[in-house]
Structures are given as structure tokens and as C-alpha cells.
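Line by line, the protein sequences give chains A and B.
The first sequence begins at 1 in this note's numbering and counts up by one.
The second sequence begins at 222 in this note's numbering and counts up by one.
The set of hints was computed from the structure by calculation and includes no laboratory data.
Do not take every clue at face value.
[Said to hold, decoys possible] Reference listing, derived: stretches of chain A covered by chain B, where coverage requires no fewer than 3 residues with Cβ under 8 Å from a Cβ of chain B:
#, stretch
1, 11-20
2, 102-111
[Said to hold, decoys possible] Derived pair list, reagent style DSBU-like, types lysine-lysine, alpha-carbon separation capped at 35 Å:
#, chain 1, residue 1, chain 2, residue 2
3, B, Lys258, A, Lys158
4, A, Lys158, A, Lys221
5, B, Lys269, B, Lys246
6, A, Lys109, B, Lys251
7, A, Lys158, A, Lys126
8, B, Lys264, A, Lys158
9, A, Lys80, B, Lys281
10, A, Lys109, B, Lys246
11, B, Lys258, A, Lys171
12, A, Lys158, B, Lys246
13, A, Lys109, B, Lys228
14, A, Lys171, B, Lys246
15, A, Lys126, A, Lys83
16, A, Lys109, B, Lys264
[As the list claims (entries may be wrong)] Beyond 12 Å from chain A on every Cβ pair, some chain B residues (computed):
#, residue
17, Asp223
18, Phe225
19, Arg234
20, Ile250
21, Gly253
22, Ile270
23, Glu277
24, Glu280
25, Asn292
26, Thr293
In this text, a Cβ means the ideal position worked out from N, Cα and C, and glycines have one as well.
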Amino acid sequence: MDNFTVGVVVFPGSNCDRDVSWALEGCLDIRTKYLWHESSDLSDVDAIVLPGGFSYGDYLRCGAIARFSPLINALDEFVKSGKRVLGICNGFQILTESGFLPGALTANKNLNFICDDVELDIISSKGGWFNNGGQKQTIKLPIAHGEGRYHCDSDTLKKLVDNELIALRYKNNPNGSSFDIAGITNEKGNVLGLMPHPERACDETIGGTDGLFTLKSLILK
Amino acid sequence: MDQFAVKVFVRLRPSVLDPAGEATKSASIKLGAEGIKSLRIGKMIEVKIEGNGENEVREKINLLCDRLFANTVIEDYEYSLEKL
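With the rest of the complex left out, here is chain B (with noise of 0.2 Å):
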């Protein structure tokens, strides 16, 4: 069994509206950070996870994501995969 470490990023989808974002990019402003055109909040999840290779791994984030990490109405997920 190989052991991977994942890191997946859920994000609102561009068109959704990211009230937190929005709050937050007008709390960085009133700190004075300058040039800030946009902001927007999402989510990493961090999962260590064994598998028989790389593919049957992907299979079962992929479930995750979809299923459970993400709610694919309003969010978009990505992640990347390293071996240990």
C-alpha cells in the first residue's frame, strides 16, 4: 500500500457571491493594503490516504470531493497529491 498526502482546496464558484470575502477585503483595505482587486475565502482540507498507486487514490478523493468536501451546486474543488 502506498501512503499519499492530499491537499484539497474547495472554492466558491466564481459566481457566487462571497460575503466573507467581501468583508474581508474591505477589513484589508481599511489596513492599508493597497492594490487589492479581489478577495475570496475557500476551504483547505488536508487527508493522509493509502492506496493501492496513485489512480485508485485519485478515485477516492475524487469521491470525497464530490460527495462530501465540496457541495458542487456552489463550490469548485482542486487538489494536489504527493507520495510519502
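This is chain A alone, in the form it adopts within the complex (with noise of 0.2 Å):
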């Protein structure tokens, strides 16, 4: 697909960048390259996945040192430039510690690492990141994580409805986030966050292709 390019950032106890990787290479031919945490040079990707898995061992809070990462701190630029970033569970969680989200990602409400197909209802189209044509208005994606239950405030979740920034909700909470939420994006609809994997539900052999959308669309400017 030209030379559209799709940065994986790697921190160490990242665990999901390779599988994120071959969904966008394998299943979609769009062109990978891994990202250091240490290097802030983005110039040359075009949009920006934070994969899932335990950055800096979740140690403090999950996220909270990544956020620190030179990589982190050269994110704000390409956001503001409108480029798209995705979050992936742990990416969601270290999207919503550096501020790029609003809220907070905390434990489960029964503390039990889950690990399951969810369905999820889209709710907002903000940013074209679940767009299929209109064919479904329920997907369903694989979860795990053990601190998934996104929290905020009051206020904050009145902005999240008001601007239409709910992206995903559950259809049977699992973990009991506030108002179901499994993703949000930002205002301008170009940085998504959610717990769910759509990399692992990229190929019918391994139960389904729902997360297709999300990553193909990585490549819409």
C-alpha cells in the first residue's frame, strides 16, 4: 500500500507488537517498522501503534513509567499534526496515564485476569475506526487484561457522551468499566484507545475477522 508506513512502538515487557505487526503486514500488506521506547524520531511512519503487554513490568501504575519513554513525549507533535495513533490495552492504558485520553484504566472489578471474546457495540463513527460498510453494529474481539476497568469522573463522562468520543461499549461488562466503555478517542477522532485486541481477530483460523476494520484503517488520513 505505497509507502504508508505503521510505527509499532516496542517498550520493554511490550508482548503484542509482533502479533500487531503481522495482522498489518499478513493480513492487510501494510508496511511495519518497530520503534524503539528510546528513539523520538517518528518522521518516518505515517501512524503509530502502541501495543499491548506490560511496559516497564506495570510497575507504580500500568503505563506510568512509559509515559516517561522519549517516544511518549515526541507523541504530542504527531497528534497535533492529526496523524492517527491507536492504543491497544496496555497502549490504551498508557494513553490515559500521559494524558492523550481522558481517564483512568484500574483492576477488575472481580481482580480476575480475563481472557475472552467480548461483544462490543460501536457507538460513535468518530474517526472512522470501526467503519464496515455499515454491515455490523456489534463486533466482537478478544480481551485480556487483568486492569481493564476504565474509571473517570462525572464531568469527564458527560464530555464523553456529549462529544460522541465513546467508541466502544460492552454488551456484558466484563470487568466493570464505567458506562461498559471498552474505547474512547480523542476530540479530534485521530488518537483511539481501547482494551479489547482487534489484532488477535484478524484471520477466520483464529475466530474472526472483526479487527480488521480497526487496523485497515490506520491508513485513513
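Grab the two chains, each in its own frame, and use the hints to assemble them into the complex.
Encoded structure:
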């Protein structure tokens, strides 16, 4: 797909970086480049994925240490330029910790690490992250997290609702998230954070393809 | 330069559910402890730090608490400070 290149960020402790790259290259023919967290040169990538995992061992809080990496410092300019950033699971936690998205992600209500397929309602079309031609309003994606309970205060929740920033809601809330929230965007729509893993749902042989639309939308301008 | 020992307490805000605290409360009751009305778990961070006087050190600790030690979306903090 031309020279469009998606940067996949690698922190110490990331463990879904290869999956994301595999899904983009193997299933969608989109070129990827691994970006080590110490790098602050984002000049040759057109979109960025912050993958799942346990960056810096999840020490202190999930995503709290990653926030101070040179790469995340450089992300501000990248986001302001309108380029797309997708944070999956630990990537979502990093985006909230670093203030790119509001709210926070905390321990699941039942304390279990939940590894399951979940049904999700597509709430907002902001950013076109879930545009599947209007065929599906509900999609199925895998989740795998211990700290995925989205929390925000009531003012923030109102802002999320009023500005159509809630991208995905769980049909059967697995972790106690406020308002069943599974994913949100920023106001511009070019940053999406979500707990489910679209990269693990890109091939029928491993259980579904509902993640393809989200990864494919990285190339939207 | 003065040296200070600082103890920072980070707690989930009262409005935020603390599942680990609830689980520990449940185990405490199973242990036979009576009368537990509430149990919540936080963190304590000990820092030894140098600075020119207490005010300068407080500024540094406030920055650390606001930007790193606590996520103020879900957590509150307080600290005590002792000159060494």
C-alpha cells in the first residue's frame, strides 16, 4: 500500500508488538516498522500503534513509566499533526496515563485476569475506526487484561457522551468499566484507545476478522 | 543542602472501587476478625531527597506526586516530611 508505514512501538515488556505487525503486514499488506521506546524520531512513520503487554513491568501503575519514554514525549507533535495513533490494551493505559485520552484504567472489578471474546457495540463513528460498510453495529473481539476497568468522573463521562467520544461499549460488561466503556477517542478522532485486541481478530482461522476494520483504518487520512 | 526523609501515601479516591481492598476485607472476616467496617489498600513510597530547605523539597515532592507517584484521576496523595 504505497509507502504508508505504521510504527509499532516496542517497550520493555510489550508482548503484542509482533502480533500487531503480523496482522498489518500479513493480513492487510501494510508496511510496519518497530519503534524502540528510546527513539524520538517519528519522521518516517505515518501512523503509530502502541501495542499490548506490560510496559516496564506495569510498575507503579500500568502505563505510568512508559509515559516518560522519549517516544511518548515525541507523540504530542505527532498527534497534533493529525496523524493516527491506536493504543491497544496496555497502549490504551499509556494513552490515559500520558493525558492523550481522559480517564484511567484500574483493576478489574472481580480481580480476575480476563481472557475471553467479548461482544462490543460500536457507539461512535468518530475517526472512522470501526467503519465496516455499515454491515455490523456489534463486533466480537478478544480481551486479555487484569486492569481494564475504565474509570472517569461524572463530568468527564458527560463530555465523552456529549462529544461522541465513546467508540465501543461492552454488551456484557466483563470488568466493571464505567458506562460499559471499552474504547474512546480524542476529540479530533485521530487517537483511539481500546482494551480489546483487534490484532487478534484478523483471520477466520483464529476466530474472527472483526479487528481488520480497525487496523485498516490506520491508513485513513 | 538539607536532607529529608519523605513518606508519600497514595490512596484510591473514595469514589473509586478498590477490588483488592474488598477481597482482603473478605479474607479478614474469614480469618475471624470482627468489626471491620471498611478496608482499602494504598501505597507508601519512601524517598530520601536533598534540597535547599523544606519549601524547595516540598515543590519537588509535589511535582513527583502529581506527575508520577499518583494518577490524580483515580488517586489522592499526602506525605509527611522529616529533616534528617
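Here is how each hint holds up against the structure:
1. 11-20: Our answer is that it is violated, as 0 residues pass the Cβ test (under 8 Å) against chain B, missing three.
2. 102-111: holds (count 9)
3. B:Lys258 to A:Lys158: holds, 32 Å
4. A:Lys158 to A:Lys221: holds, 28 Å
5. B:Lys269 to B:Lys246: holds, 32 Å
6. A:Lys109 to B:Lys251: The given pair, whose Cα atoms are some 20 Å apart, holds under the 35 Å limit.
7. A:Lys158 to A:Lys126: holds, 17 Å
8. B:Lys264 to A:Lys158: Between Lys264 of chain B and Lys158 of chain A the Cα gap is close to 30 Å, so the pair holds against 35 Å.
9. A:Lys80 to B:Lys281: holds, 30 Å
10. A:Lys109 to B:Lys246: Distance ~15 Å between Lys109 of chain A and Lys246 of chain B Cα, so the pair holds.
11. B:Lys258 to A:Lys171: Since the Cα atoms of Lys258 of chain B and Lys171 of chain A sit roughly 34 Å apart, the hinted pair holds (cutoff 35 Å).
12. A:Lys158 to B:Lys246: holds, 33 Å
13. A:Lys109 to B:Lys228: This hinted pair holds, its Cα atoms lying about 29 Å apart.
14. A:Lys171 to B:Lys246: Holds, at roughly 30 Å.
15. A:Lys126 to A:Lys83: holds, 14 Å
16. A:Lys109 to B:Lys264: Since the Cα atoms of Lys109 of chain A and Lys264 of chain B sit roughly 19 Å apart, the hinted pair holds (cutoff 35 Å).
17. Asp223: Answer for Asp223 of chain B: holds, closest chain A Cβ roughly 27 Å.
18. Phe225: holds, 21 Å
19. Arg234: Not fine: 9 Å to the nearest Cβ puts Arg234 of chain B too close to chain A.
20. Ile250: Consistent with the label, Ile250 of chain B stays out of reach of chain A, its closest Cβ about 17 Å off (over 12 Å).
21. Gly253: Check passes; 22 Å lies beyond 12 Å.
22. Ile270: holds, 18 Å
23. Glu277: Non-interface label on Glu277 of chain B holds, nearest chain A Cβ at 22 Å vs cutoff 12 Å.
24. Glu280: Its Cβ never comes within 12 Å of chain A, the nearest being 19 Å, so this holds.
25. Asn292: Asn292 of chain B is in fact no farther than 12 Å from some Cβ atom of chain A, at 5 Å.
26. Thr293: Non-interface label fails for Thr293 of chain B: nearest chain A Cβ at 9 Å, not farther than 12 Å.
Consistency note: the structure conflicts with the earlier hints numbered 1, 19, 25 and 26.
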